[in-house]
Structure formats: C-alpha cells, structure tokens
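Student: Sequence:
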Amino acid sequence: MEISVIKIGNSRGIRLAKAILDKYGIQDTVELILKEGYLILKPVRKPREGWEDAFKEMHQNGEDQLLIDDLFEDEDLED
Numbered sequence: 054m055e056i057s058v059i060k061i062g063n064s065r066g067i068r069l070a071k072a073i074l075d076k077y078g079i080q081d082t083v084e085l086i087l088k089e090g091y092l093i094l095k096p097v098r099k100p101r102e103g104w105e106d107a108f109k110e111m112h113q114n115g116e117d118q119l120l121i122d123d124l125f126e127d128e129d130l131e132d
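Using the numbering used here, read the sequence shown as starting at 54 and increasing by one per residue.
Source of the hints: derived by calculation from the structure; they are not laboratory data.
Only a predicted model underlies this, so the values are computations on that prediction, with no experimental measurement involved.
Among the clues, some could well be false.
As the list claims (entries may be wrong) - Straight-line C-alpha distance at most 25 angstroms; calculated DSS-like pairs for lysine-lysine:
1) Lys76 to Lys99
2) Lys99 to Lys109
3) Lys95 to Lys60
4) Lys60 to Lys71
5) Lys109 to Lys71
6) Lys88 to Lys99
7) Lys109 to Lys95
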C-alpha cells in the first residue's frame, strides 16, 4: 500500500484510513518500531485490556472455578 506523506506544521505525517484504524484497533497511540530499514506501526494496548469482559463470560459459562484448592489440607496459616 502506498500513502502520501503530508505536511503538518513544521513536521510531516501520514494519514491512515478509518478501515485500517478499525481493523488493527488503533485508537490514540501507536508504537513506532525501527527495524532493518523498515518503520513498523504497532497498536498500543493496555495491559489486561478486555480481561473484565473475559471474566464475565467465563463466569456465565461456569468456567471460573479454581483448578486447585485455595488451601492445602496440611497448610497452617498461623505459623
């Protein structure tokens, strides 16, 4: 894909089509990676983004059960 570099004040920039922004989940910030003669734009995601919705879905499906007991039988918490 070829796009134009446009003047923005004293700098230059590129415009990304809404379809590209939507497809790759780009909102306010991207990470710019310089690698072997290439510029790579990568969407910035927040750590644990979407976890709340995933936990709700797991609960609705009954998939939120502990795999091991919280306490072991021989565990003494008073020591």
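Student: List, from low to high, the hint numbers that the structure doesn't satisfy.
Tutor: Result: hints 5 and 7 break, sorted rising.
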